[in-house]
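Q: One-letter residues, chain by chain:
Protein chains: 4
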Amino acid sequence: MVISTEQIETINANPLYQTIGMRVISAEDGRIISHLTPPENVCWPFPGQPHGGILFTQMDSTMAWAALSKAGEGTNCGTINLEIQYPSPAKGGFFTCETQVLHFTGRSCFVRGETRDKDGTLVAMGQGTFRIIKVHPIL
Amino acid sequence: MVISTEQIETINANPLYQTIGMRVISAEDGRIISHLTPPENVCWPFPGQPHGGILFTQMDSTMAWAALSKAGEGTNCGTINLEIQYPSPAKGGFFTCETQVLHFTGRSCFVRGETRDKDGTLVAMGQGTFRIIKVHPIL
Amino acid sequence: MVISTEQIETINANPLYQTIGMRVISAEDGRIISHLTPPENVCWPFPGQPHGGILFTQMDSTMAWAALSKAGEGTNCGTINLEIQYPSPAKGGFFTCETQVLHFTGRSCFVRGETRDKDGTLVAMGQGTFRIIKVHPIL
Amino acid sequence: MVISTEQIETINANPLYQTIGMRVISAEDGRIISHLTPPENVCWPFPGQPHGGILFTQMDSTMAWAALSKAGEGTNCGTINLEIQYPSPAKGGFFTCETQVLHFTGRSCFVRGETRDKDGTLVAMGQGTFRIIKVHPIL
Numbered sequence: 001m002v003i004s005t006e007q008i009e010t011i012n013a014n015p016l017y018q019t020i021g022m023r024v025i026s027a028e029d030g031r032i033i034s035h036l037t038p039p040e041n042v043c044w045p046f047p048g049q050p051h052g053g054i055l056f057t058q059m060d061s062t063m064a065w066a067a068l069s070k071a072g073e074g075t076n077c078g079t080i081n082l083e084i085q086y087p088s089p090a091k092g093g094f095f096t097c098e099t100q101v102l103h104f105t106g107r108s109c110f111v112r113g114e115t116r117d118k119d120g121t122l123v124a125m126g127q128g129t130f131r132i133i134k135v136h137p138i139l
Numbered sequence: 001m002v003i004s005t006e007q008i009e010t011i012n013a014n015p016l017y018q019t020i021g022m023r024v025i026s027a028e029d030g031r032i033i034s035h036l037t038p039p040e041n042v043c044w045p046f047p048g049q050p051h052g053g054i055l056f057t058q059m060d061s062t063m064a065w066a067a068l069s070k071a072g073e074g075t076n077c078g079t080i081n082l083e084i085q086y087p088s089p090a091k092g093g094f095f096t097c098e099t100q101v102l103h104f105t106g107r108s109c110f111v112r113g114e115t116r117d118k119d120g121t122l123v124a125m126g127q128g129t130f131r132i133i134k135v136h137p138i139l
Numbered sequence: 001m002v003i004s005t006e007q008i009e010t011i012n013a014n015p016l017y018q019t020i021g022m023r024v025i026s027a028e029d030g031r032i033i034s035h036l037t038p039p040e041n042v043c044w045p046f047p048g049q050p051h052g053g054i055l056f057t058q059m060d061s062t063m064a065w066a067a068l069s070k071a072g073e074g075t076n077c078g079t080i081n082l083e084i085q086y087p088s089p090a091k092g093g094f095f096t097c098e099t100q101v102l103h104f105t106g107r108s109c110f111v112r113g114e115t116r117d118k119d120g121t122l123v124a125m126g127q128g129t130f131r132i133i134k135v136h137p138i139l
Numbered sequence: 001m002v003i004s005t006e007q008i009e010t011i012n013a014n015p016l017y018q019t020i021g022m023r024v025i026s027a028e029d030g031r032i033i034s035h036l037t038p039p040e041n042v043c044w045p046f047p048g049q050p051h052g053g054i055l056f057t058q059m060d061s062t063m064a065w066a067a068l069s070k071a072g073e074g075t076n077c078g079t080i081n082l083e084i085q086y087p088s089p090a091k092g093g094f095f096t097c098e099t100q101v102l103h104f105t106g107r108s109c110f111v112r113g114e115t116r117d118k119d120g121t122l123v124a125m126g127q128g129t130f131r132i133i134k135v136h137p138i139l
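Residue numbers (our numbering), protein chains in the order written: chain A, 1 to 139; chain B, 1 to 139; chain C, 1 to 139; chain D, 1 to 139.
Looking at chain A on its own, in the form it has when it is part of the complex:
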């Protein structure tokens, strides 16, 4: 399913995204894109660079929406595992994360993602497995 603009606005209002400076900007079926403009308090220990855990949080959550766009209304999901690699330092203060579902079984979803800086340099790449659940539906 395509997540509607209204749903995206609701998603983006959550407190975690406000804390780390994240916004979902596009939500096609199985393909979600988000932006990160990290505030200074999450840029540590390297000045101006978001902590790797903040980049992970952006990727994990963006992937989860990709999984949910496959699972549809009335569902939520939990991360079983996620592996992240950091090819380059995260410079420049603005990052775009693109995630894509590679396989969906109904109960599990296998997703990939890449995060790039303003110049297109790859700062993080990840792949994860998500479990679709029916409690606390979020869509």
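Derived from the structure by calculation, the hints contain no laboratory data.
Don't take every hint at face value.
Computed Cβ-Cβ distance ranges for the label pairs, DEER-style [what the hints assert, rightly or not]:
(1) B:Arg131 <-> C:Asp119: 22 to 28 Å
(2) B:Arg131 <-> A:Asp119: 20 to 26 Å
(3) B:Met1 <-> A:Asp119: 34 to 40 Å
(4) A:Asp119 <-> D:Phe94: 37 to 43 Å
(5) B:Glu73 <-> A:Asn12: 41 to 47 Å
(6) C:Pro15 <-> B:Met1: 47 to 53 Å
(7) D:Glu40 <-> C:Phe94: 24 to 30 Å
The beta carbon of each residue, even a glycine, is placed where N, CA and C say it ideally should be.
Following the hints, position chains B, C and D against chain A.
A: For chains B, C and D alone, kept in the frame of chain A given last:
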């Protein structure tokens, strides 16, 4: 090396740890333990449960200190990769992460970690590779 | 459950283990140990060193037995994901892999493993998630 | 660099590939494709399905060639870490693995891969980090 109580206090004062509710509590050579008491704004989408990215941030940073305790003064480190798995939902509002260096080559450090809730239930397990660097020394 | 000596003999007779030179040597509940004496044809491209994929095969299969020792009779399991890291070159022609279940939910099993050479040097470390299934029972 | 047809023939003659039924079939710069036709002795414990470790071996080695195609003549490489996920059972006896370099720093190479069966079903997805070395050059 053992990280001194004074150094630990400096570490714990950083803005990222304040944001996510994290504190290093013990720092032996190659073995670091931290606590997480996540504030409500990082507990999303499941009420009362820190986002998986917050648990990842705690683990990544706790592992990094384990690597730095091996690398010694005048160093910093960057995460090359980290794989995290989430065996159980993160309930109860208080989490302990223990990390341990398994192998240190001088330039790279291989580290493992487990995060448990108040009752000892395993909520996250991870393993990662860290690159020791000499810029922006943090110890 | 403890896997009996008779069951271990049956396990060890399988053609894959013959091909790569692997044997399960100990199978307590949730804790399995195997040996690898790799023949020359799987030691490539570095002379005398088993390919990383052979070390992975040993670890994956040893972990699977650890999962099955928790799941019990009438089950089999499939690997959902496995992350492996290679801290040191695999020298000396003989390797011991120890695996341990960290968490078992009934349907999934979270397992860790380490492989060491004759001198105790860590050559591989892994963690994986296994799905318990009821088809093609193997115990 | 593009790996020449002659070099590919030399690669494919190695004993490990003979043992597991693997062949590199295409080697553009940073993008390598291989085939796997696994013999019965590596199809265990599920009849007709290669062990996950054999699929891993194919992926790891195909990724390594992708890294080497970036590193150029006079080099070899070692796997630092590789994470593999198995979305579907590996059926049908013939598998194609496509790997691609996402980032190359000169000393490290970040690579992804997917393995699909005859019908295009995804049976494995991986991402790994490779260290470029100058000993035992293989190209």
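Q: Each hint: holds or not?
A: We went through each hint and held it up to the structure:
About 25 Å separates the C-beta atoms of Arg131 (chain B) and Asp119 (chain C), a value consistent with the hinted range of 22 to 28 Å. A hinted range of 20 to 26 Å for the beta carbons of Arg131 (chain B) and Asp119 (chain A) is consistent with their spacing of about 22 Å. One distance hint, 34 to 40 Å for the beta-carbon pair Met1 (chain B) and Asp119 (chain A), holds here, with the actual separation near 38 Å. Between Asp119 (chain A) and Phe94 (chain D) the beta carbons are some 41 Å apart, a value that agrees with the proposed interval 37 to 43 Å.
With their beta carbons about 43 Å apart, Glu73 (chain B) and Asn12 (chain A) fall inside the hinted range of 41 to 47 Å. For the hinted restraint 47 to 53 Å between Pro15 (chain C) and Met1 (chain B), the CB-CB distance of approximately 50 Å keeps it satisfied. Between Glu40 (chain D) and Phe94 (chain C), the C-beta spacing of about 27 Å keeps the proposed range 24 to 30 Å intact.
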